[in-house]
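Please construct the entire structure, taking both the sequences and the accompanying hints into account.
2 protein chains.
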Amino acid sequence: MTQPFAFTLTKTNGTARRGHFDTPHGRVETPAFMPVGTQGTVKAVAPEEVAESGAQILLGNTYHLMLRPGAERVAALGGLHKFMNWPGPILTDSGGFQVMSLSQLRKLDENAVTFRSHLDGTMYELTPERSIEIQLLLGADIVMQLDECLRLPASHADLEKAVQLSLRWAARCKRAFEKAPPGHALFGIVQGGDDKALRVQSAQALVDIGFHGYAVGGLAVGEPQDVMLAMIETVAPVLPAERPRYLMGVGTPDDLLEAVARGIDMFDCVMPTRNGRHGMAFTRFGPVNVGNARHVADPRPLDEQSNHPATHTYSRAYLHHLHKANEIFGAMLLSSINLAYYQSLMAGMRASIEAGRFDDFRRTTKENWARGDIAAL
Amino acid sequence: MTQPFAFTLTKTNGTARRGHFDTPHGRVETPAFMPVGTQGTVKAVAPEEVAESGAQILLGNTYHLMLRPGAERVAALGGLHKFMNWPGPILTDSGGFQVMSLSQLRKLDENAVTFRSHLDGTMYELTPERSIEIQLLLGADIVMQLDECLRLPASHADLEKAVQLSLRWAARCKRAFEKAPPGHALFGIVQGGDDKALRVQSAQALVDIGFHGYAVGGLAVGEPQDVMLAMIETVAPVLPAERPRYLMGVGTPDDLLEAVARGIDMFDCVMPTRNGRHGMAFTRFGPVNVGNARHVADPRPLDEQSNHPATHTYSRAYLHHLHKANEIFGAMLLSSINLAYYQSLMAGMRASIEAGRFDDFRRTTKENWARGDIAAL
Numbered sequence: 013m014t015q016p017f018a019f020t021l022t023k024t025n026g027t028a029r030r031g032h033f034d035t036p037h038g039r040v041e042t043p044a045f046m047p048v049g050t051q052g053t054v055k056a057v058a059p060e061e062v063a064e065s066g067a068q069i070l071l072g073n074t075y076h077l078m079l080r081p082g083a084e085r086v087a088a089l090g091g092l093h094k095f096m097n098w099p100g101p102i103l104t105d106s107g108g109f110q111v112m113s114l115s116q117l118r119k120l121d122e123n124a125v126t127f128r129s130h131l132d133g134t135m136y137e138l139t140p141e142r143s144i145e146i147q148l149l150l151g152a153d154i155v156m157q158l159d160e161c162l163r164l165p166a167s168h169a170d171l172e173k174a175v176q177l178s179l180r181w182a183a184r185c186k187r188a189f190e191k192a193p194p195g196h197a198l199f200g201i202v203q204g205g206d207d208k209a210l211r212v213q214s215a216q217a218l219v220d221i222g223f224h225g226y227a228v229g230g231l232a233v234g235e236p237q238d239v240m241l242a243m244i245e246t247v248a249p250v251l252p253a254e255r256p257r258y259l260m261g262v263g264t265p266d267d268l269l270e271a272v273a274r275g276i277d278m279f280d281c282v283m284p285t286r287n288g289r290h291g292m293a294f295t296r297f298g299p300v301n302v303g304n305a306r307h308v309a310d311p312r313p314l315d316e317q318s319n320h321p322a323t324h325t326y327s328r329a330y331l332h333h334l335h336k337a338n339e340i341f342g343a344m345l346l347s348s349i350n351l352a353y354y355q356s357l358m359a360g361m362r363a364s365i366e367a368g369r370f371d372d373f374r375r376t377t378k379e380n381w382a383r384g385d386i387a388a389l
Numbered sequence: 013m014t015q016p017f018a019f020t021l022t023k024t025n026g027t028a029r030r031g032h033f034d035t036p037h038g039r040v041e042t043p044a045f046m047p048v049g050t051q052g053t054v055k056a057v058a059p060e061e062v063a064e065s066g067a068q069i070l071l072g073n074t075y076h077l078m079l080r081p082g083a084e085r086v087a088a089l090g091g092l093h094k095f096m097n098w099p100g101p102i103l104t105d106s107g108g109f110q111v112m113s114l115s116q117l118r119k120l121d122e123n124a125v126t127f128r129s130h131l132d133g134t135m136y137e138l139t140p141e142r143s144i145e146i147q148l149l150l151g152a153d154i155v156m157q158l159d160e161c162l163r164l165p166a167s168h169a170d171l172e173k174a175v176q177l178s179l180r181w182a183a184r185c186k187r188a189f190e191k192a193p194p195g196h197a198l199f200g201i202v203q204g205g206d207d208k209a210l211r212v213q214s215a216q217a218l219v220d221i222g223f224h225g226y227a228v229g230g231l232a233v234g235e236p237q238d239v240m241l242a243m244i245e246t247v248a249p250v251l252p253a254e255r256p257r258y259l260m261g262v263g264t265p266d267d268l269l270e271a272v273a274r275g276i277d278m279f280d281c282v283m284p285t286r287n288g289r290h291g292m293a294f295t296r297f298g299p300v301n302v303g304n305a306r307h308v309a310d311p312r313p314l315d316e317q318s319n320h321p322a323t324h325t326y327s328r329a330y331l332h333h334l335h336k337a338n339e340i341f342g343a344m345l346l347s348s349i350n351l352a353y354y355q356s357l358m359a360g361m362r363a364s365i366e367a368g369r370f371d372d373f374r375r376t377t378k379e380n381w382a383r384g385d386i387a388a389l
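Line by line, the protein sequences give chains A and B. FYI, the numbering for the first sequence is 13 to 389, going by this note's numbering. FYI, the numbering for the second sequence is 13 to 389, going by this note's numbering.
Source of the hints: derived by calculation from the structure; they are not laboratory data. Note that this is a predicted model, so its numbers are computed, not measured. Mixed in with the good hints, there may be bad ones.
No copy labels: a pair is met if it fits in one copy or bridges any two.
Below, a list of computed lysine-lysine pairs in the DSSO-like style, where the Cα atoms sit at most 27 Å apart [as the list claims (entries may be wrong)]:
id : residue 1 : residue 2
1  : 336       : 55
2  : 208       : 186
3  : 336       : 94
See below:
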């Protein structure tokens, strides 16, 4: 018998939170980072290796998957877990964010967002109900409401309109979610841009509707980090302590550290894989651009104390060579190294919260980043 | 104490041969297929996975590595084995073939081939002596002579000139190879295009000079398969039985089967990885183009009896999707699947020669290919 989705807060340390939640596909320890499997694959990393990195949950993109191969097709093939060979939990976004960033001829009204596919020009209509239907066809363990997400800066009037529409869509999503199998979860999304009053209003209204978890959306869309952190500080006290809090599309390792410090439990971001494909390795001593000329003859590994074998097996010179030669194996190695770094950062945060030493961990982690990479010394 | 390079012929079955040779980096069972690690990586496949496929020896490309990162740099970094994390044997080509196919402004005279790098326009001069020096700097277990390789069709006069020059360069390569560490091997390359008399002349002259092994070069450059096989049949009887025979740059699974039947011991080809990146899977029932529309909704795996996990884990629909979405993971899976198929084909040939049943193996293998893929039935 599948239990209802439940988040258990096991420990707090200041405002940082340690917990876990159970889904039909397994448990997730929080704070958690979710690698992004945009089109049914975490780019350039086999699912076995994603799991080895320590990731317990992936994010799938509704926008990409609804266009290709299509939600009904994925369902007919046994769902997204089976399709992409990821037996663990999956969270899907609602499609709204990529409609904004990728589609053409986007038109929004009370009922739906209508857009033209960036792949072949086909017109699609995405209603809150259809977004939930797609996510359930994919088989997502955690389903996100459809919302309207604006780029910042945006006017107060536009932000307020987006908050109100997103709240009406949140209520429609909740009704549509009633057909979900037991154990699955629906998260609402707090909007409001960089406006504190709107953020509070959005969060309170979502809590009144009632969701299994609450996301903070519409951040990391162009605003400075301090604005993002101020919005988290504004929203967190409004949200119920017994529900997970998910900061969408964030971020840098420093963003993760600061957001966990402010009570965030979940993250997703393409940064580890995207930056990996572009030659950046995340390490304990800050980011390393392997394409930089200083690595061209450097026999040293990236970081011999890291837990990822590739960080001690391969020289910087080799990683530099793969990047310059545009070899797929370079993207494979750096994407995998970065996923492992992100997971080790999350594991470090979880352990330090448990031990009541999160502030120490945050300080020493930042000191290491500030020390800088050995190749630059 | 490293032993001199030696090939041991353990069994023949008709003209098919079963044997092994030992190098400073380990033993290679023959007939052997060598995956190609063009630029210090077998494209889109981690070295651990190349080894898991059953490959015991890789080919590295002198032309690519001399241009980037440079032979002296690879040597300073500990050699190609360490650079690319491949602890097993490596054979390097001489650079001559890629000078012909990739470089600009190629100019050939008695002393050297002079060419402009396709990467940055730098002029390089490659003499037989420099080719050997580069290959020894890379640390190759098997070093190839520099030769002149022509595209077919070519005139008799051009073929003869190329044979004669290649023979003079063979002698220079042998002298230059004297400084090689013990256990390393130097192979001569039979040229002569599609001219039987020239092929015999080239082979006899090379045997007179004396090499650890003999390659048949200048094939699979545009001629029909029957011409290639006729050249092998012409050359094989001239070559000493106690030396390995390597058919360069070949080929399709059928080419391998037919060439082994005619006494070839070694192969290299980019086909399994290149075709994999372009959406072709080699299977027991012939090639499968996963991009073909017939796979779009097909839940069946590629081949549930194959020894590669990905051929039963993933549906054809998923492989189709990855290919259409241009996902790196598609290239990773198909390259790995194809390397494993090639190695299983070689293993099947080795076992059947040992059992004295090579003709049966050849017939049933071809019957399976002719049966065709299930998706086409």
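Now the hints, each set against the structure:
For the identical chains of this complex, residue 336 and residue 55 are neighbours both inside a copy (19 Å) and across copies (14 Å), given an alpha-carbon limit of 27 Å. Within a single copy, residue 208 and residue 186 get their C-alpha atoms as close as 25 Å, which meets the 27 Å cut-off; across copies the closest is 79 Å, which misses it. When the C-alpha separation of residue 336 and residue 94 is checked against a cutoff of 27 Å, the pair qualifies only between copies, where the shortest distance is 19 Å, while the shortest distance within a copy is 36 Å.
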